[in-house]
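Trainee: Required output: the full structure, derived from the provided sequences and hints.
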Amino acid sequence: MRRKQDPSSPKTPTENSLIKDSGSPDTNKKKKMTSSDKRKNIQIGDIEYESFTFHGRPMYRITDKSYYKELERLQVELVKLQEWVKAKGLRVVVLFEGRDAAGKGSVIKRITEAMNPRICRVEALPAPTPKEESQWFFQRYVAKLPSAGEIVLFDRSWYNRAGVERVMGFCTEGEYREFFRSCPEFENMLIRSGIILIKYWFSVSDEEQEKRFEDRIEDPAKRWKLSKMDLESRRRWSDYSRAKDEMFEHTDTKESPWYVVNADIKKHARLNCIAHLLSMLPYEDLTPEPLELPPRQEDSGYVRPPINKQNFIPERYGSAIASKEI
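All residue numbers for the sequence shown refer to the working numbering, where the first residue is 47 and numbers rise by one.
It should be emphasised that the hints constitute simulated quantities derived from the structure, not laboratory data. Every residue, glycine too, gets a C-beta built ideally from N, C-alpha and C. Please note that the accuracy of each hint is not assured.
Unchecked claim - Pairs of lysine-lysine residues, derived as DSBU-like cross-links and limited to a Cα-Cα distance of at most 30 Å, are as follows:
hint	residue 1	residue 2
1	K115	K300
2	K111	K257
3	K126	K177
Stated by the list, open to error - If you anchor each label on the Cβ, the simulated ranges turn out as follows:
hint	residue 1	residue 2	range
4	L243	Q121	17 to 27 Å
5	K134	R85	45 to 55 Å
6	E278	D298	24 to 34 Å
7	R350	T175	44 to 54 Å
8	W182	R238	17 to 27 Å
9	P341	K300	55 to 65 Å
10	E278	Q356	48 to 58 Å
11	A160	K271	15 to 25 Å
12	I353	G135	40 to 50 Å
13	A160	L339	19 to 29 Å
14	Q89	Y348	26 to 36 Å
15	P340	D261	42 to 52 Å
16	D291	G220	14 to 24 Å
17	G135	Y348	23 to 33 Å
Mentor: Have a look at this one:
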């Protein structure tokens, strides 16, 4: 089920259309994003863009003000989508695939921020257990598929077999080839059963992935995101490229196509992906009418127990100004 892009939605220029006087990237000197460029901001529709330097190339990116405004608008639309899926009893599956640090989790986070976790849930399966390895390959994913009125976002999916398992040697050549024979038919079965299946591949450049890895190494709050497996996958960049190309060759079908997200600029990737997801579903605005708060129950003689008998947590923040007049 698909619908055309809402013509009233702000037009977002492609990354190439935002490049000014760009030259060939210097792959030997990895330059981080900076905002040192002095060019003026530009306005396209309701969206404002600011100049910055992206790995040595002058470009434009959406300003924070425009980004948060547009994200809020799209999240309101996601809530409408959620209510429509629930009301119609639909089943929606969205796959998020791509290289490590491509921004899959970051987009999923922005999609789910405003949504009801009882309707929209995220599945990020760990490595299979010995028991799961003995089962039909797709079996553990089938158990996570949505029921009526649910949306399931897979942060990586059965395509692990075509990517990490292939490159790292976690599956045999026979298992790999069987996956490509089985996968299109498996997805066709899901679609024939009524599931709406949408597949995204997040495409990140070599230099940008390296920068994000470096950021994760330097930031203690992000270090958990980086594993030895990620570093090994980084080393095998070309192997992953070949695996991705072969995966597309076998599974980018008319019934279940891949949609590629340019993920080098995170904020653009988030907005573009969410806007595209919304355009793929002909949802209606089923937002219920606002409720009216009823009057509170009248005082019936209730007396609150002494608060010193209750275990309050320490007020590490705010206690210093609680007694001060503002």
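Trainee: For the pair supplied as a hint, K115 and K300, confirm whether the alpha-carbon distance does not exceed 30 Å.
Mentor: Given that 30 Å is the threshold and the Cα spacing comes to 35 Å, the pair is violated.
Trainee: If I claimed the Cβ atoms of P341 and K300 lie 55 to 65 Å apart, would that claim hold in this structure?
Mentor: At 59 Å between Cβs, range holds.
Trainee: Does the hinted range 42 to 52 Å hold for P340 and D261 at CB?
Mentor: Since P340 and D261 have Cβ atoms about 50 Å apart, the given range 42 to 52 Å holds.
Trainee: If you check the beta carbons of G135 and Y348, does the distance land in 23 to 33 Å?
Mentor: violated (43 Å)
Trainee: With respect to the beta-carbon atoms only, verify the hint that Q89 and Y348 lie 26 to 36 Å apart.
Mentor: Since the Cβ atoms of Q89 and Y348 sit about 57 Å apart, the hinted range of 26 to 36 Å is violated.
Trainee: Given the hint of 45 to 55 Å, is the C-beta distance from K134 to R85 inside that range or not?
Mentor: The hinted range 45 to 55 Å holds for K134 and R85, with Cβ atoms some 47 Å apart.
Trainee: Does 44 to 54 Å hold as the CB distance between R350 and T175, or does it fail?
Mentor: holds (51 Å)
Trainee: Does the hinted range 17 to 27 Å hold for L243 and Q121 at CB?
Mentor: holds (23 Å)
Trainee: I want to verify a distance hint. Is the separation of the beta carbons of D291 and G220 within 14 to 24 Å?
Mentor: Given a distance of about 21 Å, which is inside 14 to 24 Å, the answer is holds.
Trainee: Within 40 to 50 Å or not, the Cβ separation of I353 and G135?
Mentor: holds (47 Å)
Trainee: Given the hint of 17 to 27 Å, is the C-beta distance from W182 to R238 inside that range or not?
Mentor: holds (18 Å)
Trainee: Is 48 to 58 Å a correct range for the gap between the Cβ atoms of E278 and Q356?
Mentor: holds (52 Å)
Of the hints listed earlier, those the structure fails to meet are numbers 1, 3, 14 and 17, in rising order.
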